[in-house]
Amino acid sequence: MKRATRSLPAAVLAAATLVLASCASDAGSDGGGSAPAGAAETVTFGVSGPLTGDQAQYGEDWQRGFDLAMEEINAGDGPDVAVDFQDSQGEASQATSIAQRFVSDEDVLAVMGDFSSATSMVASPIYQRSGLLQLGITNSHPEFTDTGDFVFSPSITQEVEGRVLQDGVAATAGSVAVFYLNTDWGNAAFEVFADQAEANGTDIVYSTPVEESSTDFRPQLVSARDSGAESLAFLTYYNTTALLVQQAAGAGLGDTPKIAVGSNYSSEFLDLAGDAATGTFVETAFFPGSSDPEVQRFVAAFEERHGVQPNQFAAFAYDGLKQLYWAYGESDGTREGLRDALRDGEDIPSVIFGPFSYNADRRIDDPTFTWLEVQDGAFVETDALAVAG
Amino acid sequence: MLDILLAGLINGNAYALVALGLSLVIGVANVVNFAHGSLFAVGAMVGWFVTSDLGLPLGVGVAAAVVVTAALGWLINRVAVRPFAGKAPIAAVLSTIAVMIVLDNLTQRVFGPQTRRFDTGLPGTTWQVGGLTVGLVDVIILVTGVVLMTVLALFLARTSLGRAIRATSQDREAAAQMGVPVDRVQSVAFMIASALGGLAGVLVAAYFTTIAPTQGFAVGLAGIAAATLGGLGSLPGAVLGGLLLGVLEAFGVARWGDSVRQLITFGVLLLVLWVRPSGLLGRASIRREPLTGTFFAQGRPIRMRRWQVAVLVVLGALPVLPGLVDGYAVQVGTQVIAFAIVALSLVVVGGAAGQLSLGQAGSVAVGAYTAALLTKELGWSFVPAMLAAGLVSAVVVTVLAAPGWRLSGHYPAIATLASGAALVALALVWTPLTGGGSGIAAIPLPSVLGVELMTGPQLYGLGLALLLLVLLLVHRLLGSHLGRTWRAVRDDEVAARAAGVATPQYKSLAFGVGGFVAGVGGAYWAAQYGYIDPQIFSPNLSFQFVIIAVLGSMLSPFGAVVGSVIMVGGLEVLRAAAETRLVVYGLVLLLLIRFRPQGLWVETGLVARVRGAVSRRRAGGEGGDGGGTDGPAGGPPAPERVKETVA
Numbered sequence: 089m090k091r092a093t094r095s096l097p098a099a100v101l102a103a104a105t106l107v108l109a110s111c112a113s114d115a116g117s118d119g120g121g122s123a124p125a126g127a128a129e130t131v132t133f134g135v136s137g138p139l140t141g142d143q144a145q146y147g148e149d150w151q152r153g154f155d156l157a158m159e160e161i162n163a164g165d166g167p168d169v170a171v172d173f174q175d176s177q178g179e180a181s182q183a184t185s186i187a188q189r190f191v192s193d194e195d196v197l198a199v200m201g202d203f204s205s206a207t208s209m210v211a212s213p214i215y216q217r218s219g220l221l222q223l224g225i226t227n228s229h230p231e232f233t234d235t236g237d238f239v240f241s242p243s244i245t246q247e248v249e250g251r252v253l254q255d256g257v258a259a260t261a262g263s264v265a266v267f268y269l270n271t272d273w274g275n276a277a278f279e280v281f282a283d284q285a286e287a288n289g290t291d292i293v294y295s296t297p298v299e300e301s302s303t304d305f306r307p308q309l310v311s312a313r314d315s316g317a318e319s320l321a322f323l324t325y326y327n328t329t330a331l332l333v334q335q336a337a338g339a340g341l342g343d344t345p346k347i348a349v350g351s352n353y354s355s356e357f358l359d360l361a362g363d364a365a366t367g368t369f370v371e372t373a374f375f376p377g378s379s380d381p382e383v384q385r386f387v388a389a390f391e392e393r394h395g396v397q398p399n400q401f402a403a404f405a406y407d408g409l410k411q412l413y414w415a416y417g418e419s420d421g422t423r424e425g426l427r428d429a430l431r432d433g434e435d436i437p438s439v440i441f442g443p444f445s446y447n448a449d450r451r452i453d454d455p456t457f458t459w460l461e462v463q464d465g466a467f468v469e470t471d472a473l474a475v476a477g
Numbered sequence: 015m016l017d018i019l020l021a022g023l024i025n026g027n028a029y030a031l032v033a034l035g036l037s038l039v040i041g042v043a044n045v046v047n048f049a050h051g052s053l054f055a056v057g058a059m060v061g062w063f064v065t066s067d068l069g070l071p072l073g074v075g076v077a078a079a080v081v082v083t084a085a086l087g088w089l090i091n092r093v094a095v096r097p098f099a100g101k102a103p104i105a106a107v108l109s110t111i112a113v114m115i116v117l118d119n120l121t122q123r124v125f126g127p128q129t130r131r132f133d134t135g136l137p138g139t140t141w142q143v144g145g146l147t148v149g150l151v152d153v154i155i156l157v158t159g160v161v162l163m164t165v166l167a168l169f170l171a172r173t174s175l176g177r178a179i180r181a182t183s184q185d186r187e188a189a190a191q192m193g194v195p196v197d198r199v200q201s202v203a204f205m206i207a208s209a210l211g212g213l214a215g216v217l218v219a220a221y222f223t224t225i226a227p228t229q230g231f232a233v234g235l236a237g238i239a240a241a242t243l244g245g246l247g248s249l250p251g252a253v254l255g256g257l258l259l260g261v262l263e264a265f266g267v268a269r270w271g272d273s274v275r276q277l278i279t280f281g282v283l284l285l286v287l288w289v290r291p292s293g294l295l296g297r298a299s300i301r302r303e304p305l306t307g308t309f310f311a312q313g314r315p316i317r318m319r320r321w322q323v324a325v326l327v328v329l330g331a332l333p334v335l336p337g338l339v340d341g342y343a344v345q346v347g348t349q350v351i352a353f354a355i356v357a358l359s360l361v362v363v364g365g366a367a368g369q370l371s372l373g374q375a376g377s378v379a380v381g382a383y384t385a386a387l388l389t390k391e392l393g394w395s396f397v398p399a400m401l402a403a404g405l406v407s408a409v410v411v412t413v414l415a416a417p418g419w420r421l422s423g424h425y426p427a428i429a430t431l432a433s434g435a436a437l438v439a440l441a442l443v444w445t446p447l448t449g450g451g452s453g454i455a456a457i458p459l460p461s462v463l464g465v466e467l468m469t470g471p472q473l474y475g476l477g478l479a480l481l482l483l484v485l486l487l488v489h490r491l492l493g494s495h496l497g498r499t500w501r502a503v504r505d506d507e508v509a510a511r512a513a514g515v516a517t518p519q520y521k522s523l524a525f526g527v528g529g530f531v532a533g534v535g536g537a538y539w540a541a542q543y544g545y546i547d548p549q550i551f552s553p554n555l556s557f558q559f560v561i562i563a564v565l566g567s568m569l570s571p572f573g574a575v576v577g578s579v580i581m582v583g584g585l586e587v588l589r590a591a592a593e594t595r596l597v598v599y600g601l602v603l604l605l606l607i608r609f610r611p612q613g614l615w616v617e618t619g620l621v622a623r624v625r626g627a628v629s630r631r632r633a634g635g636e637g638g639d640g641g642g643t644d645g646p647a648g649g650p651p652a653p654e655r656v657k658e659t660v661a
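Which chain is which? The protein sequence lines are A and R, in order. When we follow my numbering, the leftmost residue of the first sequence carries the number 89, and every step to the right adds one. When we follow my numbering, the leftmost residue of the second sequence carries the number 15, and every step to the right adds one.
So here's chain R without its partners, still in its complex pose (with noise of 0.2 angstroms):
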């Protein structure tokens, strides 16, 4: 009993050092640091080279582990945060995520991908105290974190820059008003923030003897619940957290096993932010701003005249022919589906209504299991398996959703990753129903009208008219009535709710047709793939499907399509450059969010000048609007309608 206990407390110690870490950023510069799990990575390989590598002292590795990850601190916050001050925080959290990406995969590159032993020259040492088996480096690891926290707190209540900290962080205006270099200071906490993480990735790989560049990513989601479980931005609560959620899951882990751990982690978070929405030890959060807001003002989609629609349509069925397109570029094809129309659900809740979701993934695994044992285990035919696959997906997502309506700020988006984490890790738990980490094998292949659908260019045929369907579904949708009234609420909710709009049951449908979408496309890849098991579903996977949405535009439909096209295609392209095109992957998508926030396939107005000067050219236009697209034809439809409205 009391030896769990203490397992939790070490385990949860590490937690409340990340924790402590992403809260003072929050408090800070209002962002969720999402590479701040890398840090401790790079702080631990650090740590690594200089004592078991290059045989130093311990000593020695941990300045130096400090050292660098307070130098990419500050760097992060030069590069990925502070060109974002002012604008969507959804900006600038892509950007950390895309920093994630970079930096897990350089760690990765430079220090090697394997797990090393981590000398830490300390003796072994261990005392039994009643049935307790204490060490040494138990006690070191509590002693700091205790001993760190405790300088933390001291600094900030007592040192004039502690205050500078607190101040800005209370009211960055305010602050800066009163003569507070509210830059400088966001430098600063950003690099104590992140000689925090790497510090902890010192002492936890101390504790655990062994450590490997890609344990930073579970260790990252992990803070953020901590922080989050203790509300956002308070100094006590990342601790208390951090503490809580350490104990709560080695007591769970010991009663239930090792795979309730992220259903603990994230069925807490859940439940502490549908009972208490600002944290245990958070104030009520003032600000009210959904976290995309002012993103969207900045464009709008580029329109697609009809021929234009067609052209596109024919370009995409050609790999349905046999033959025409080698296996290799179909294969690609249908990848590029399968993430499009779950990107396309990011549409319909994000450029609709407004809402971030970073847990789309769990809304995949729903519609995936579902069409995967409705179709191995009571024989259904694929397409009612589809729709069944999707109602349940949109029912589960909503009923997950509603209480999270009170939630404002950070926490709405939060509570999406938790939502999604938290239902691929019942995937996990619940063996008999999903086959636990086994997952599901041999999947049938669809079969559509009696017709089993077998080949590549079949596979991809099938994908290509549910791409088109559901595109038709979304763009229908955001002409219509209740597109209008999305787009209201996302673009101000106070606004909105004072002309009379009932805010949450409009969001609630949005998750709803998110969910739906999702769920089909969680079965089309069931259906394509014929295995899934719980670790494809990883947060991971959630954050791609919010990067291509961003990317193509979350405005547009069609963007969604195009983000696709460039993210699966594009990984496909830089799989030339083997082992560093992630690296090279997030380095691009940091410069696309930095300088192109809205999308690709939105028009800014050099585009729209360039084309004006064109048509003008052309002697003046042929008619202007190109025509609807309400033909049942549907296609990739130009959403012109959505210019009608956003205009």
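Isolated chain A (complex conformation) (with noise of 0.2 angstroms):
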């Protein structure tokens, strides 16, 4: 009895050191830079983005674009992948905590999200030290891939953005009121508007920040028309966007034309802005009535599965999880290997741009883009403003 007693802390002991044996050679053959595990297994991938708070639909739209990818992965041979959401509310607290959650949680390859630039730049850093790759899907932001080499992203910058708009403009009107997000996205952009209006000539009669949450842009249209400027440009996301062209007919502005960015190209603005949209112009880089079989597929199956035409956001989050799932094939299944895989790969799969490759940056190089009117509660294709463009 008593020597069973005394001898239990070094069965503990042998027991424990059996099992760290283990642990170490499975870890021996794990790092030996094996191909990704059989069929069934599942990859996962981490969220961060706003399911509740101010930008809820956003996150809503995400989660439909991934909803798609995901089916059509599963039911393929291969690796199935799933997608941990978590809320992040739009807020950077809860963006570094969530970071800080997916960075330990060693199920997690890669990360997408957060929404906004200015969010997702808070969790950059946590994702860069600890060698988790950050797809910033819809990060904008000129300087949002500087943080480091793990940070990415297929999004258009508000450079690039803010030129083709403005070049936009300047092919049809001589002055210009500017209506611009008061975010560090907004600003930005307004900011290469300005530079490029310069450099064409156009005079900005008009500008005013305006903030996500207002609902009443009475008085600063009012000031626009005032200003007598022959045409409207608006660096604004749809909800925004769709009351302001509501509110500017009512204030005698309906029939300038008007000029909105990209993710404006989306049915939620058809239905927010109603008559009030027609002639609205936009740009894209992804358009669904496009030509390429690949586009329309994509499409199709989005409408079958949700009901609605996929928007920009949708069709960014659908191509980030194909993208990432795609890095993981060409990889060794470690984080840093999936990193390599989108660093080096060329022709990544996309329906939005075509295959293509990162550049230096972790960027996209001079995509194309189409420009876009609404005409009878539709988006069609347009050559009205493409002499500049």
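Watch out, some of these pointers could steer you wrong.
What the hints assert, rightly or not - Selected chain R positions facing chain A (Cβ under 8 angstroms, derived; list incomplete):
no. : residue
1   : A188
2   : P446
3   : G450
4   : Y545
5   : I550
To be verified - Residues from chain A that face chain R, not an exhaustive set, calculated with beta carbons under 8 angstroms:
no. : residue
6   : T184
7   : S192
8   : G289
9   : T296
10  : N327
11  : G395
Claimed, not checked - To list a few chain R residues with every Cβ distance to chain A over 12 angstroms, as calculated:
no. : residue
12  : F63
13  : M163
14  : L401
Derived from the structure by calculation, the hints contain no laboratory data. Glycine is no exception: its CB is placed at the ideal position from the N, C-alpha and C atoms.
Each of the two chains sits in its own frame; use the hints to bring them together as a complex.
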């Protein structure tokens, strides 16, 4: 009895050693650079994004894109994919907590998000320090990927978009009133827009920042009208843009050409703005009306699954998950391997850009844009603004 | 010019309707109902569902919205207001804040978070009158608003129920003695007020043609501003306040852009409170009750022995050792610390001096911006920048609070709400200094004594050290002569003044110390985030601070830590429930305020009795007091000294 008690610690120690040894040997065989494990396995990617709060609907757009991509992947051969979507409420403090959580969770091989660049960039250092890939699927801030070589973004920067938008304005009018979102994104886009306006010789006769939470823009629209602007430019997301075009009609600006950034290219914008949307121009890298068969397939599948056309946010989410899954297939199944695959990959599949590769800044070079115009409640391809674009 | 005036009147009309409901409730129940904005959103979404989703006529939508919001109003009164009748108003205010959290998130869950198109079925006819474009919807809204207000006025003046409501609002006790069923009157008033809020939601949604469940919050705050502007409890005042606010905003926004909207709302409110402490049309309030008051006699802080303090400090310090605790837990711990430091500032302001601050996010913002700018632009190191942040925040808060000492009743708390929100609005407007809506990015990591702290555990360690220092500071202050004077002011301001205490000066001092602590918290906040913008410091954040402090107990410095662990840590645990967690969280909060309003970290009779029984069984205790906590080691100081003087 006494002997047995005394030998207990020794037994525990021996058992522990055995367990440790077996772990070590497991690690050894894993570290051998083997290919991704068999079809029975599930690959998990983390998502940090807003499911509640002011930006919740953009999180829902994402979710639709992820759902479709997940269904398609899991219906095929190869390992299944799972998405761990954590609600950040679009808040920086939540995004950092979530980042820590993903970093500590060994099952998570890469992360997408957060929605706004400002929120994402607070979390970036955590991902970078821990060597976990952060794919900012909608992070267009020009400096977003500067944090380090684990931070990627397929999103078009405001720098590119602000320029393209101003070229479109210059093609139709000599003067413009600009409404831009008072966020990091909006301010940066407006700066580029203003520079390009000078280069193109467009007069910015009125400009005003708008808040995402505001609903009443009549006072500014009246001021814009009184400034004699020949066109209106909207560097705003679709909720705000819908209110702006409606109230513009009420302020007597219904017939003034309206040009809005690509994120307004969404069925939600049409629903919300109704008739007032008619004649609004948007520029987009992703166009579901495109004749590309891959795009046609995606749009049809999305409409069947969700009953609506995919908007840009949903398309980037779909694309992001597909990219990560592709990179996983090309990698050794580690976090770093996955990053390497995305960095070195040529012809990465995409419904938005077609096969592409990331440049040295981990962004996309010169994507092509299509100009669309709202006619009879639908987006129609147009070349009315293509002159300068 | 006229266009802008018209736009302002229409927007102001909505504010007026919301403010009317708020004022009605304040008169009858003496509660600022923070959930009123949520009812606005519920009304709008119900209206949307009936008209646009089910395709029924607008009239049915309006009726449905009115019925649903009236029912919710009845429920809010039953659950969150009536149980606190005769108790400290702070409890009812906090529970309406909890209801607001529940309702806002429930509305989002039920209707989805999207912005919806509201189809009124009304023709979009417009007329040109001179240079003025007038829409049919504009006219309908203005007319409906005017008709509603007239009907309400007639109802209050002519009907017996209306008279009963007015009697209750003038003098509740007298009305009850005259046979007015005040409880039922209060229920009815709540239902009418809530229905008004819901109706305003439908009208505004019809006007803007789009509506999102998240819009209620801002409208609710604007309504509170409008009601206060006109004079709380005054119905003509509510209308005047709403219209005035709408018009001022319209002209301000047309001239300077959207970002000045908040600054105008809260700046104007603050100025009016300074110049006319009871609002434009309000009667001077006869009730002089500090909003906290009776809350505090109900318990005394739990005392900790020295070894218990030591154990807690050691446990709290464990995450500092790298690799011992996983990174996620360390990050959550850092958040807990950041919130606890700010909540401590409320223990000084609220627990010690009896003032409820609903604008603490403003003080935090001042500290955060000061520290961020000093470290980033001027290259200061963290510690001096942090101290400067505390000082700047203390000065700003004291200056802003000073004109408010003439205020009484609900006004001081609303003044803090306004000054906090105005400070943050200023950060949004003052772009050259603060970066405006872009905020300040790439704030340097804190370096202390030449060592740059960059890992999670290091930042946690810095926070823990700050927290312990602040705990020690607050603990010492509460135990000092100053703390005793503060408590005298808190428990009975009139008596304190009669005894020769210069109450305004002592309150100023409390706000100053609170501002310093909050500023230090803000500096830590900025340093560990690396990024700040005005959105972070929304009034919602102020509410969170208050809830943390009350949850833990405003009586005890350590209560702030307890509250933060539960609230911030608890939020992380509830994350498992994903989108519904905020609803759950609000409900838990509601129950806590209802059943344990004095906070968790206090002894109630029950706990004391159990403890007594236990220690008696332990053969006559080992000498009672576990010794003072005056040692320089600090640690979460046992609030024993507080107990001595409270008891």
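Cross-check of the supplied hints:
no. : hint : in the structure
1   : A188 : violated (43 angstroms)
2   : P446 : violated (13 angstroms)
3   : G450 : holds (6 angstroms)
4   : Y545 : holds (5 angstroms)
5   : I550 : holds (6 angstroms)
6   : T184 : holds (6 angstroms)
7   : S192 : holds (5 angstroms)
8   : G289 : violated (25 angstroms)
9   : T296 : holds (4 angstroms)
10  : N327 : holds (5 angstroms)
11  : G395 : violated (14 angstroms)
12  : F63  : holds (15 angstroms)
13  : M163 : holds (21 angstroms)
14  : L401 : holds (24 angstroms)
The structure shown violates the earlier hints numbered 1, 2, 8, 11.
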